[in-house]
Amino acid sequence: MTRARQRGDDARMVLLRAGVGLLALVIAAGSARAAEPDPPPLADGAGVYARVRLGLLEPGSPRGALVRHLERLDDGAVARLLDLPAPRAGLVAELGLDPARDLVASFGLTDPERCERLLGAPETPREQPDVRHQVFLPYADEVRAMQNVTRLLGRGARCLRPPREVRARRAFAAGFPAGPDRAAAATSALDLVCRAGETTVVVVLHRATRTLEILTSDLGLAAAAARPAPAPAAFTRSLERAGFFAGRLGLYLEPRTISRYGKATSLVKVIRVLAGAPPEVRTRLWEQAVREIRVVDTLTAVRPAPLRSLVVGEDGLTYALAEGAERLFASLPFPRGLDPSGVKRLAHALRGRLPARTSPFSQKDELPRLVKEGGWPAMLIAGLFLWPHTLAFAATHHAAELDRPFASPGQLPVIEVKLDEARHQLGVRVVGEP
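Here the numbering used here is used: the first residue of the sequence shown is 3, the next is one more, and so on.
Please keep in mind that the hints were generated in silico from the structure rather than gathered at the bench.
Note that the Cβ used here is the ideal one computed from N, Cα and C, for glycine as well.
Be a bit skeptical, because a hint or two may be false.
In the EDC-like style, the derived pairs of lysine to aspartate or glutamate whose C-alpha atoms are separated by at most 16 Å in a straight line are [stated by the list, open to error]:
1) Lys271 with Glu242
2) Lys271 with Glu289
3) Lys420 with Glu328
4) Lys271 with Glu375
5) Lys374 with Glu328
6) Lys346 with Glu294
7) Lys271 with Asp220
8) Lys346 with Glu403
9) Lys271 with Glu129
10) Lys374 with Glu294
11) Lys366 with Glu403
12) Lys271 with Asp405
Restraint-style ranges between C-beta atoms, simulated for each label pair [what the hints assert, rightly or not]:
13) Ala188 with Ala235: 30 to 38 Å
14) Ser343 with Gly245: 50 to 58 Å
15) Asp405 with Asp143: 51 to 59 Å
16) Arg166 with Asp143: 16 to 24 Å
17) Pro179 with Ala235: 31 to 39 Å
18) Ala95 with Pro165: 28 to 36 Å
19) Ala95 with Ala279: 22 to 30 Å
20) Gly326 with Glu144: 17 to 25 Å
21) Arg172 with Glu144: 37 to 45 Å
22) Ala176 with Ser361: 55 to 63 Å
23) Ser361 with Ala95: 48 to 56 Å
24) Ala248 with Gly434: 17 to 25 Å
25) Ala170 with Asp143: 39 to 47 Å
26) Ser240 with Gly181: 33 to 41 Å
Could you put together the complete structure from these sequences and hints?
Structure representation (structure tokens):
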């Protein structure tokens with residue numbers, strides 16, 4: 003049971019797939035939450051943290067080099083795919099939002115222990131994990147922003163405003179199933195309750211900070227209305243040091259959080275699909291699906307793991323390095339134009355420092371198979387965090403592929419790679435177009 007649009011299996015395409023995934027995440031960050039002088043709290047345990055200055059939705063606003071490059075490649079296709087309004091002049095004001103402030107989101111809040119328990123079941127579970135999101139959306143016009151929530155949620159969303167009067171609120175709550183959902187409808191301080199497909203969305207209005215807090219869950223109103231625990235202050239400070247709150251765009255990712263988020267979302271899809279499968283094939287399909295979902299465990303277990311975390315900003319990427327990883331990257335021949343000859347030199351240099359002797363790099367077909375089966379989380383981990391191994395793997399098993407163009411002309415920017423040993427960081431900056 004292979005999943006979701008994995009179309010080629012040669013090793014040189016792994017990094018390009020990761021670029022497409024990164025593009026989708028950058029565009030998706032346009033529906034996220036805020037980093038002001040006193041930002042709303044990040045939630046603990048998210049798969050991806052994102053922030054974007056809402057003014058970036060306005061054509062002609064200042065943009066960093068990476069954002070300009072991605073927009074040149076995209077032409078609005080991802081926004082249409084995600085059912086988001088296409089960027090255009092006046093859009094932010096039309097939605098009642100504040101272009102001078104940041105939208106900040108904690109995507110992919112899951113319970114990893116529950117996911118592992120479900121993955122260990124011998125048969126397809128009847129329950130499913132919850133994958134939640136928390137978004138803080140800054141507004142300039144409260145009325146207009148509340149009116150446009152359904153538009154931001156996409157076609158098919160339906161919203162109701164819970165009444166404030168006690169008797170009317172009880173009547174409103176009676177429309178929900180008895181139990182936690184009805185209790186949440188009767189007692190929670192919610193300003194809007196929405197349904198978008200399988201997902202329940204609740205909105206809480208924070209007038210003191212002029213933000214809308216948007217919470218989602220696939221397990222009903224009570225789950226959606228439950229406030230996530232805030233991230234520890236030490237973690238927020240580490241994001242600040244890494245540059246997450248600098249500039250007008252920030253994405254923060256780690257291999258382990260991508261793995262956790264990806265396994266949960268894949269598990270939800272599999273459980274829903276197999277609920278309608280014939281009993282005689284359901285067990286076999288479930289076992290196959292579990293093997294594929296666990297592919298990311300193989301990738302996150304790869305050692306050495308020199309790239310610990312990643313912050314994507316307006317102008318490029320900043321990696322936090324694992325202890326001692328500076329030795330791997332010191333004096334490498336990083337190419338500026340990502341032309342085949344430059345990528346080939348880098349791949350062969352990495353092969354000398356990362357011999358491909360261990361799984362999944364020891365056999366020429368293993369890594370492409372794992373990325374294909376593992377779907378988007380495997381693609382992102384292999385492409386964004388294991389690219390040194392991937393290039394060494396290509397030099398070992400697919401050397402002829404390195405002589406071919408890495409991507410279509412004009413698709414990859416001119417970059418500058420800088421190792422900062424004092425800060426234990428590796429920076430990849432976009433410095434021009436090809």
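Structure-based check of all given hints:
| no. | hint | verdict |
| --- | --- | --- |
| 1 | Lys271 with Glu242 | violated (35 Å) |
| 2 | Lys271 with Glu289 | holds (14 Å) |
| 3 | Lys420 with Glu328 | holds (11 Å) |
| 4 | Lys271 with Glu375 | holds (15 Å) |
| 5 | Lys374 with Glu328 | violated (31 Å) |
| 6 | Lys346 with Glu294 | violated (31 Å) |
| 7 | Lys271 with Asp220 | holds (12 Å) |
| 8 | Lys346 with Glu403 | holds (9 Å) |
| 9 | Lys271 with Glu129 | holds (12 Å) |
| 10 | Lys374 with Glu294 | holds (9 Å) |
| 11 | Lys366 with Glu403 | holds (12 Å) |
| 12 | Lys271 with Asp405 | violated (39 Å) |
| 13 | Ala188 with Ala235: 30 to 38 Å | holds (34 Å) |
| 14 | Ser343 with Gly245: 50 to 58 Å | violated (32 Å) |
| 15 | Asp405 with Asp143: 51 to 59 Å | holds (56 Å) |
| 16 | Arg166 with Asp143: 16 to 24 Å | holds (21 Å) |
| 17 | Pro179 with Ala235: 31 to 39 Å | holds (38 Å) |
| 18 | Ala95 with Pro165: 28 to 36 Å | holds (30 Å) |
| 19 | Ala95 with Ala279: 22 to 30 Å | violated (49 Å) |
| 20 | Gly326 with Glu144: 17 to 25 Å | violated (52 Å) |
| 21 | Arg172 with Glu144: 37 to 45 Å | violated (26 Å) |
| 22 | Ala176 with Ser361: 55 to 63 Å | holds (57 Å) |
| 23 | Ser361 with Ala95: 48 to 56 Å | holds (54 Å) |
| 24 | Ala248 with Gly434: 17 to 25 Å | holds (21 Å) |
| 25 | Ala170 with Asp143: 39 to 47 Å | violated (26 Å) |
| 26 | Ser240 with Gly181: 33 to 41 Å | holds (40 Å) |
Violated hints, listed in ascending order, are 1, 5, 6, 12, 14, 19, 20, 21, 25; each of the other numbered hints is respected by the structure.
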